[in-house]
Amino acid sequence: MSAQSDDQRDWADALSGDGEAFGRIFDRHRHRMFRHAYGVLGVVADADDAVSIAFLEAWRRADGVRFVHGSMLPWLLVTATNASRNLARSSRRYRNMLSRLPADTHEGDRYVDLSDGDALSALRSLSPADQRILTLCVLEQLSEKDAASVLRIPVGTVKSRLSRAKARLAGQLTPRAKEIPNEQ
Amino acid sequence: MNSESTPSTRATQFRQALVATANLGPYVRRRPSFKLVVGLVVAFVIAGTVTGGTVAYAAIADPDVVAANAGASGTGDNYVTSQDGILVGHPFARSASGTQTIDVGAKPTDATSLIEGFGCVDPGHFTLLVDGRKIDSFDDCSPGGSGASPLTVSGNGDHSVTLQTQRGVRFAVWLSWARIPKFHDSSAQKQALADSWTTRDEDIVGFGRFAGCMAALGHPLGDITLGLVPGYSEPVSAVNDGTDQRCYTTEYRDIDAEWQTEISQGAVGAASLAACTPAEKSATSTGVQRLVLVKGGLLPRLDGCPWIG
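Taken in order, these protein sequences are the chains called A and B. Just so you know, our numbering puts 103 at position 103 of the first sequence, and the rest follows in order with no gaps. Just so you know, our numbering puts 1059 at position 59 of the second sequence, and the rest follows in order with no gaps.
For reference, chain A alone in the conformation it holds in the complex (with noise of 0.2 Å):
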């Protein structure tokens, strides 16, 4: 038997019956998640739903869920980016339960910095082909393999949507620059 990680324990506990199982991996990922839905979205209670939809969808897809170098945050922010992009969509499924949670205020988060900088504003604004990428590749540093393991595509595939999403983050970027007036 191979060493697991604690993801990967847990993960296997939880499908098993263990419930607390399943709280730790939440525990554990929460506060990451938490910030690059915020990213996406630029708000907060749509963050805190596109988190909650990622972990339902884990348990609802757990055949697909998927392990890099024993960790489960790569899937789960893929599927937070998905589920950011498609929200109105993702939390019809999981109305019923959404719609019991309270809504958080966030006020005196000492953890978590909202201030929109322009990366994450020009990040927004990609596609969720753009934006899963980016996030795993730039953002969680996995290497092409990795995401590719994750995203279930070719590593070629990965370096050319890779190469094409830096350029599309580039290319938002920059007109940014161009917003000073020109006094000339």
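Keep in mind that the hints were calculated from the coordinates and are not lab data. There is no bait here: all hints are sound.
Which residues of chain A face chain B? A few of them, derived with a C-beta cut under 10 Å, are:
no., residue
1, Ser16
2, Gly23
3, Asp27
4, Val51
5, Leu56
6, Asp63
7, Val65
8, Leu126
9, Arg152
10, Ser163
Estimated spans, in silico, between C-beta atoms of each pair:
no., chain 1, residue 1, chain 2, residue 2, range
11, B, Thr1112, A, Val43, 45 to 51 Å
12, A, Trp59, B, Asp1131, 38 to 44 Å
13, B, Arg1167, A, Gln141, 31 to 37 Å
Result set (DSSO-like, lysine-lysine): computed pairs, CA atoms no more than 30 Å apart in a straight line:
no., chain 1, residue 1, chain 2, residue 2
14, A, Lys166, B, Lys1182
15, A, Lys159, B, Lys1190
16, A, Lys145, B, Lys1182
17, B, Lys1182, A, Lys159
18, A, Lys159, A, Lys145
Backbone N, C-alpha and C fix where the C-beta goes; we use that ideal spot for every residue, glycine too.
Got chain A sorted already, so can you dock chain B onto it with the hints?
Structure of chain B alone, referenced to chain A:
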């Protein structure tokens, strides 16, 4: 949901819901993957044809092996889908340890490719052979990892795939014949690249063909911006069903790559680009409509830019 020291009420309630969901009992696959089930059944049936090594059927209930099986079949199946292809015949699936050879028979007349999906259980060194000829080797098989790739198969007659690894090292493999269409550059894309140089005009026109192709196949692009490099969004379904690859490869991929290469190599000065290409976001509803406007509206205003051919 985002306070480190004191989980919010929402986070606490949601966590409780997750715990309660998992506590309901062992996870049961709601809709078994037909291909996976077929694969496992096939694996049992053809057990007698396995040469060498140990077929770890008794370990199929092991979560690691189940995950590897799902990973191998999932990545293999997704690869075919992403290439806009379809499976031909039944896939072969195997959970095994040690060196294994799988006979996949002769290539069906309507198949173009043999696709391999692989799921890791134990770390080890693996060598992949087709008809006894080494194709690949890797030793970075992390538990839980998986991947897929097409295998080069040549010649008539029966074929076999062999995974060589150390005794006791477990893995899952999925193999299937598939029919995968080959996409070729459209004549318009070839013409744009004929002079080995791409202009912004050609890039935008190529992007327009790409957008038109996507719309024609039911996936119109959205959120189009025409900055230095066109930006757009598309539904995930367009990627999953292969439409994105079909349209992008046929109409725009090589132009896009050439244009971005020219930009990155400084062939087009960033400063002059900034002065000449304001990020335009058009107002109409579909990519095709927007690009018609763009071609008639934006391009003429770029006439003074030095890279316009």
